[in-house]
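Take a look at the letters that make up each chain.
Protein chains: 4
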Amino acid sequence: MNETVRPIDLTRRETFDHWTSVTIRFSDQDPLGHVNNVAIASYVEASRTMLIRPFLLQEKYPELDFALVHLEIDYKGEFTYPGTVDVGGRIARLGRKSFTTAYGLFVDDACVATAGSVNCFFDTSKRQGVTPPDDVRTLFERRIAAQPV
Amino acid sequence: MNETVRPIDLTRRETFDHWTSVTIRFSDQDPLGHVNNVAIASYVEASRTMLIRPFLLQEKYPELDFALVHLEIDYKGEFTYPGTVDVGGRIARLGRKSFTTAYGLFVDDACVATAGSVNCFFDTSKRQGVTPPDDVRTLFERRIAAQPV
Amino acid sequence: MNETVRPIDLTRRETFDHWTSVTIRFSDQDPLGHVNNVAIASYVEASRTMLIRPFLLQEKYPELDFALVHLEIDYKGEFTYPGTVDVGGRIARLGRKSFTTAYGLFVDDACVATAGSVNCFFDTSKRQGVTPPDDVRTLFERRIAAQPV
Amino acid sequence: MNETVRPIDLTRRETFDHWTSVTIRFSDQDPLGHVNNVAIASYVEASRTMLIRPFLLQEKYPELDFALVHLEIDYKGEFTYPGTVDVGGRIARLGRKSFTTAYGLFVDDACVATAGSVNCFFDTSKRQGVTPPDDVRTLFERRIAAQPV
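Chains as they are written, first to last, in my numbering: chain A, 1 to 149; chain B, 1001 to 1149; chain C, 2001 to 2149; chain D, 3001 to 3149.
No lab work stands behind these hints: they were computed from the structure.
Hints may contain errors.
[Claimed, not checked] Below are the DSS-like pairs computed for lysine-lysine, each with C-alpha atoms no more than 27 Å apart in a straight line:
#, chain 1, residue 1, chain 2, residue 2
1, B, 1060, D, 3126
2, A, 76, D, 3097
3, B, 1097, C, 2126
4, C, 2126, B, 1126
5, B, 1097, B, 1060
6, C, 2126, A, 60
For reference, chain A alone in the conformation it holds in the complex (with noise of 0.2 Å):
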């Protein structure tokens, strides 16, 4: 995934032009007075999920989901509740049955974390990876092509 994701710098706002916000729960934070590495990997999903979902078209194909194969994340700063966290994701590369995402998550102006996912189209009936329908693939060559350079 390095090599496709790691030449976007995601440590800049710029490089996104999808955004969730997501806010910081007291829960979320640990014994070091910090906000939780698992805390973070929430923001991530919440922000992926976002992402892709309108590309799915599940209201045409019901059983079309995506599950999460390889999830990397750095974080560059530790954070604190209260707050927001602006998590900026893209969709970095389409494969033929699997797909690779790549975020920023920025706390006011610093970049506090990055990440990428390796995620594979999954039907939901047959609990397996799937090929997805020309259309969905179609939605998603698009968006790639829309995204910031």
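Guided by the hints, dock chains B, C and D onto chain A, whose structure is given.
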């Protein structure tokens, strides 16, 4: 707690003048396809900490905090990701070493849950309940007096 | 709920013959350095689902489940990671469309919390409360009769 | 990290001699009906803290802790509540101010996920990375030498 909390209608937005917005996360949902009760407890806590912390004067009393003694939540209706929950909070009653709080949780115009809690003033160094200083007490009393009837 | 739950002493292990062990996680702790109340709600739920699911006969009634209507938790003492919480659960009362449950949470010999919940039988297809089938009802009644006094 | 972690096969139980068992919770599951990736990050953390804490000599060095710099998880197969995840953990490499760890997560005989993390030694008072004391360093080195090949 019931006698002090219940006369106030927690299902109406007008009951509250303190609001905390919490964004719902995909992972807050469970296999029933709705937001899980455990996540709702974290929404109530987000409100509770925002409501109470300003009155603890922690810059002056760094070891003064509060701990939960009793929590109750009434679930009024199911709701789903994505969305935002507006949590209204109020201080219901001030005791000698404890205080009660009450909450209403709203998604748009619908009250999705109400909650109440009993909390004790807590010394984080001694790890036990304490009587709060007079100026903290005064802040609580003023806040209670200022709340909507 | 109080009148049915309270006569039974939930702080004694002898009150329970159904046990669910839950391992504490580092991320269950908050900046006060103890297990957060939100995590404790997840321990209660782990017990509740293990206690109730066998009686729902979901192989026969695939759309029958239950949903939480009311939850209350009393926090008896702080505890920390690592460790295991033994959650004792019992059915307190069976109504026409709902039932109440009661819990005691123990770390070694210490009761760290007690809890109670009101739950309704829930049709996952209609998304509403339902009256349970007679054989489900019978299973609940038998379980209640067999519990320790 | 890949070059140091990957030669070791994290999908085999024989790779590990440090085990942490984590009980799955109902609320760990999401609307896809399986354990959510965010919960899996909390399982990895449970192992990480149990694996590393004994080597930090926190009684002697109360301000020495560690913080997560990078986390990656590979999801190998879905699994559900109820059950227990056995998390095998090992220290992969010791650097001057950081160390890498590697994990295999198993449900019965199935490897459901593998993970790796980069962690820095962290001074909780200065809130920054630090070089560990020599005796801590020696403990890490001995542990690494004793691990299964």
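Structure-based check of all given hints:
no. : hint                 : verdict
1   : 1060(B) with 3126(D) : holds, 22 Å
2   : 76(A) with 3097(D)   : holds, 16 Å
3   : 1097(B) with 2126(C) : violated, 47 Å
4   : 2126(C) with 1126(B) : violated, 52 Å
5   : 1097(B) with 1060(B) : holds, 19 Å
6   : 2126(C) with 60(A)   : holds, 22 Å
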